[in-house]
Structure formats: structure tokens, C-alpha cells
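Sequence order for the protein chains is A and B. Residue 1 is where the first sequence starts when you use the working numbering, and the numbers rise one by one after that. Residue 1 is where the second sequence starts when you use the working numbering, and the numbers rise one by one after that.
Simulated from the structure, these hints should not be mistaken for laboratory data. The structure presented is a predicted model; accordingly, all values stated were derived computationally and were not measured. Watch out, some of these pointers could steer you wrong.
27 Å max Cα-Cα, derived DSS-like pairs, lysine-lysine [unchecked claim]: (1) B:LYS44 - A:LYS16; (2) A:LYS199 - B:LYS199; (3) B:LYS108 - A:LYS16; (4) A:LYS238 - B:LYS107; (5) B:LYS283 - A:LYS199; (6) A:LYS21 - B:LYS331; (7) A:LYS32 - B:LYS262; (8) A:LYS251 - B:LYS272; (9) B:LYS109 - A:LYS16; (10) B:LYS272 - A:LYS16; (11) A:LYS21 - B:LYS288; (12) A:LYS199 - B:LYS192; (13) B:LYS276 - A:LYS21; (14) B:LYS283 - B:LYS262; (15) A:LYS238 - B:LYS109; (16) A:LYS32 - B:LYS192; (17) B:LYS108 - B:LYS177; (18) B:LYS109 - A:LYS199; (19) B:LYS199 - B:LYS143; (20) A:LYS238 - B:LYS228; (21) A:LYS16 - B:LYS192; (22) A:LYS238 - B:LYS108; (23) B:LYS262 - A:LYS21; (24) B:LYS276 - A:LYS32.
What follows is the residue order along each chain.
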Amino acid sequence: MLNIVVCIKAVPDPAKTDSIKINPATRTLIRKDIPMVLNPLDKFALEAALTLKEEKGAHITVISMGPPAAASIVKECMALGADKGMLLSDVAFGGADAFATAYTLACGIKKLESFDAVFCGMASSDGATEWVGPQIASFLDAPVVTMVNTIEENEGHTWTVKADFDNGYRRVRVQLPAVFTVTRHLNQPRTLSFSGIIKARKKQAEILNLEQLGVDASKVGAKGSPTIVSNMETTQNKREITMIQGTREEKAEAVFQLLKKSGSIG
Amino acid sequence: MIDFTFTEEQEMFRKAAREFAETKIAPRVEEMEKTGEVNADVVKALGAAEMMAVTIPEEFGGLGLGYTARLIALEEIARVNVATAMMLQVFALGIEPFILFGNDEQKKKYLPGLATGEFLATAAVTEATGGSDPTGIRTSYKKEGDDYIVNGRKCFITNAHVANVLVILAKDEDNPKSFSAFIVEKGMEGFKATHVEHKVGFRGCNTGELAFENLKIPAANLLGAEGKGLAVTMSAIGEIGRGGMVGCALGLHTACLEASIKFASERILYGKPIAKLATIQNKIAEMKIDLEAGRLLGYRAASMQDAGQRCSNEYAVAKYHTTETCQKAAKMAVDIHGGYGCMEEYAVSRYYRDAAVVGPSAGTSDIMKVIVARWAMS
């Protein structure tokens, strides 16, 4: 039976992006009061694992790094069908960049007995670096295929996948264990069901702190992050209003000229 | 301290219901509005998403989640389409008498199919003589051998043409003070779904009339004890019917508020969004206050129901408050939208029509006041 790991992230609800503010001192997002949801692209990663579980049998572990509140998102993944949930949560993990996040997640994956495939969404909706998946692979010393849109062959331990590449695609044959980051074209994620939620009643996310994970504090969180955010600011999309006066013909001509000037029409 | 928070599991139910409504119901709303007819895909989706199974005990194929979960599901579905929520709430109205009064054989025969959506239910009590005073009904029955023969008509029956398992109320032909409830299956000899109503709102939710002409019902389909039919139907109406309308009203009210906030934030007047104007904020605040109060009333009653306590009076209070304020909210939502609020392209025009139907369904506000006054003076 396959052992599949799905890396997930609790992100501020993308539908509420208007409410997200930035802390000017720390240059990090102020997540307070913004409801957390499962990172949209991670749903496709989880669905890939759930489909494999249904087709061939698999044990799915969902792993995440985040604040204690992220446990509810891990639980949600278990309600969707994951067998086990692991949340890496400690104040020391706070302020991590993609590198430190990948390191911490890889340490969590190494805690598991074994793994055949690791699925990640290709990017998070808040950070959107697309680096975490490949860096996890690097820390695990495993091959990685990014932007996977189709799993073509999954028999045995050599899989063939199709992945986005510029305007075309790559067909990649890869030896397991391997890491895959996935796009939204891979599948159609299932939604939560009431009976799935009931089945998850007895499942609880295992929460591991710095000590339990057994990692060096200098390699995680802000301390372990080589990335320096030089600046971060909120942009405002202001709409300009131009009142057009005149007869109907004059107004139509004015609109035509405005559209032409903006390049909207030739 | 009283804990007013939902459990983690209840929050997940809300998320599941919202995802379901937004992905499976929302794409069908336009079509339902156009045709006014029940959408078969929506009914199928409700079954697949286990929405009919919520209150049915697990031993009979349901989820056994109770009434708070039901209210959450209805609220989320009504937020997207109150007509679908109404259809679902009346399925439960037809299911509840089986749960409360069905014998083991009846439960085994019907509840598993009702849980999956194979059977679709309704309760038929209302007649031209009225719905809130069921003792005024004229539909009658008489015993003939092993069967009951029923004659009469029912009107304003939600799901009349959709349901294939119905719980009906009739009075004894020889004893007008004796009422009994029966299980009727569509297709039984003498059963006919007749006139279809065309409502101003709730388009996509079927309402119509039923005719029973020498309808032959086997004795095994007597639900509860003979002569105790009022208890069978009224227990469902008092708690399930009113509770269901609370869910419909809360969801519709939320939709009105959300649409108003969105529009007011985008509509520019005097160089700034109208949401910055005190007069608009006043309306938004009123809508929010009413909604918060309605949620407290509704979920209190639902939690009492989950605890096995009588709560039909508490539901009457919640039903009155939520349906009245929902109508008020729909009016304010249309007002905030100005001229756009009268255009069919804007959802608030539908909300306004739907709100008109929320009021009288499962008992008018005036009847709710009668019930609440009796409670207060008892």
C-alpha cells in the first residue's frame, strides 16, 4: 500500500483579501480576524491522494506547519478522507520563509515511517512563492516534478506524469519516492460531506512542537529564514471616474477615443 | 457562562453545506427562476449530499445529527437559494412523523429511502379551510375491511407534485373530533396531485393541491394511533416546520445583507462608496442586528430540540422574528440598490419576492403572535 503525504497550509480566506492588512514593522500579514481556509491549490493535492487511495489503496498523512488554529484545517482534510493529520506548531516556527518552512515540513515527513509520494499544491494563495514543494524534495533528497497536471501512469514505483511547461507540457518519468507539486488542472476536488465529518470524529491532528520534532531552533522560523523582505505594502486599486458631457453622438465619440487611447480597441 | 459558540464539527457542517450550496445549487438558480419548476439535478444533489439524512437516526440509514445541524444546513442553502431550502425543509416535515410516531416496520420501510432521497416526503395538512387550525379540515376517512378510504382535498402543499411519500391528516367520517395520520404513496388508487401554484417567489419549489377520491390506504399505513393524528402532524409542524422557516429566513436575510454590503461598497456617489453614508450604514446595522438576534433565537430553539425539550413556542418566537426581519431586510436591500434593486439581473429583486413567501409559510406572523401570546399568558 502506498504511503502518501500531502502538505497543506491554512491561509487567510482568499475571498476576504480586501480585509488583509500588513504589519509594517514585521512586514508580515496580519491574519487576526481573517478566517483561515485550506489553501485552494492544496485541495487538488489532497484530491490526487484521495483518488489514489480509492483506486489502489493508500495511507494518507496530511502535514502542515502553522498556528494551533490550523488544526481545524488539518481536521477538515481528515474529514475529506485523509487517515492521519500532523500539525507542526510552535512559536519558534513563526515568521518562516519558504526555505525554513520546507525544512520544518521535511523534518515532519522524516518522522513518518516511510513515504512513497508527497503531494503539494504548486503555490499558496498568500505567499505564492512556489518554492516550498521543490525545497521539501531537496531536504528529503527526493526527485521532484513541479506543476503536475496529469498522472498518466502510477503502477509500481515508476510513475509518469505530465506537467506544465511554458506553453506546452513536460512528460516526466520519475522514481518513487518523489515529490509532486500540482496545478488546478489535475482533478476536481471533492467537497466536505456530513458523513465524512462524522467519520473524522475520532481522528485528531497530532501536534508536534519544536522539541517533539527534534529540530535545531536556529534552522526554523524567522531565525532559519535567509529571505529578507525589504518591503511590503498594501496597494489600492482606485477607479477613476470621468464624466462625459455632450450629445449622444459626442458621448459615443468620447468613449470611443478613450477606449482607443487605453489600447482596449485598435 | 452560556457557550454561544458552534463546535468545530458544527463549523465544518456549515462549511460543507456552504460548499454544497455554492457548487451544486447556485448554478441552477437562474434556470429555476425561469421555469419556476423543481430542478431534478438539485433534488438529486440534495440526496447525494446527504441533506435529507441529517435528522434521520443512524440505525435507519440517516446521519442522526439533529436539529442544530439541520438549521445550519438550511441557513447555508437558503443563503444561496431559499426555494431549495424550502423544498428541503418540507422533506423533513414529511420525515419527522416517521421518526417520532412510526412503528418499527414503517421506519424500516421508509426511512432508509427517505435518507438517500429515493423517497421524497411531504406532510399534507392544510386545506382551503386553513392550515393553522387543522381541526377545521374536511378530508375524511372511514374504515373498510383492512383499508381506510379517504376523501378530500389539500391545498398549498409544498412538494405536492414532487413527493412520493406523504403524511396526510384526515378526520373520522363518523367522529369529526377524531383525527388520524396516514402514510400515502404516490400512485395509490384514488390519489392525485392536481393544481400547481405559481408563487411570486420560491420559484423552483413546488406548491400545489392534492385530491383524494376514495383513496384506499392499507391499515398498515396508519401513522401513530388512530384518533391521535393531530399530535402526529402538529408536532412536526410546530418544531420542524417553524424551525425550517427560521433556517430559510436566516439564510435569505444573510443573502440580503451580503448583497447590500457588496453593492454599497462598490456604488460610488459624491466620489465615495455609498457605504460611507450614514443613511446606508443605518440600514446595514439594522439588518445585522436583526440577523444576530434571529440567530440567537433560532439556534436556542434548535439546541433545545436537540436536548429533547419542547420548543415549539421558542420556535414560534424565532419564526416570527426571523421571517419578519427577513422581509424588512429584503426591502432595505432593494432600497440600498436603488433602481438596480428593481432589475431582475440583481439578486435582491429575487430576495424581495422570496421574502414575501417566507412570511406566511408554516404559519403567518399573526398566528405566531397568537401562539406566543398564549404561551406568555399560560
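Status of the hints after comparison with the structure:
1. B:LYS44 - A:LYS16: violated, 32 Å
2. A:LYS199 - B:LYS199: Violated. LYS199 of chain A to LYS199 of chain B sits at ~41 Å, over the 27 Å cutoff.
3. B:LYS108 - A:LYS16: violated, 46 Å
4. A:LYS238 - B:LYS107: Judged against 27 Å, a Cα distance of about 61 Å means the pair is violated.
5. B:LYS283 - A:LYS199: violated, 43 Å
6. A:LYS21 - B:LYS331: At roughly 34 Å apart (the allowed maximum being 27 Å), LYS331 of chain B and LYS21 of chain A break the hint.
7. A:LYS32 - B:LYS262: holds, 22 Å
8. A:LYS251 - B:LYS272: Distance of about 24 Å is within 27 Å: holds.
9. B:LYS109 - A:LYS16: With Cα atoms ~47 Å apart, LYS109 of chain B and LYS16 of chain A exceed 27 Å; violated.
10. B:LYS272 - A:LYS16: holds, 21 Å
11. A:LYS21 - B:LYS288: holds, 24 Å
12. A:LYS199 - B:LYS192: violated, 42 Å
13. B:LYS276 - A:LYS21: Answer holds: LYS276 of chain B to LYS21 of chain A is near 20 Å, not above 27 Å.
14. B:LYS283 - B:LYS262: It holds: about 14 Å lies between the C-alpha atoms, which stays within 27 Å.
15. A:LYS238 - B:LYS109: With a Cα-Cα distance of about 62 Å, the restraint between LYS238 of chain A and LYS109 of chain B is violated, given a limit of 27 Å.
16. A:LYS32 - B:LYS192: violated, 58 Å
17. B:LYS108 - B:LYS177: violated, 31 Å
18. B:LYS109 - A:LYS199: holds, 26 Å
19. B:LYS199 - B:LYS143: violated, 37 Å
20. A:LYS238 - B:LYS228: violated, 67 Å
21. A:LYS16 - B:LYS192: Cα-Cα ~50 Å, so violated.
22. A:LYS238 - B:LYS108: The hint is violated at about 62 Å.
23. B:LYS262 - A:LYS21: Given pair LYS262 of chain B, LYS21 of chain A holds - Cα atoms ~19 Å apart, limit 27 Å.
24. B:LYS276 - A:LYS32: holds, 24 Å
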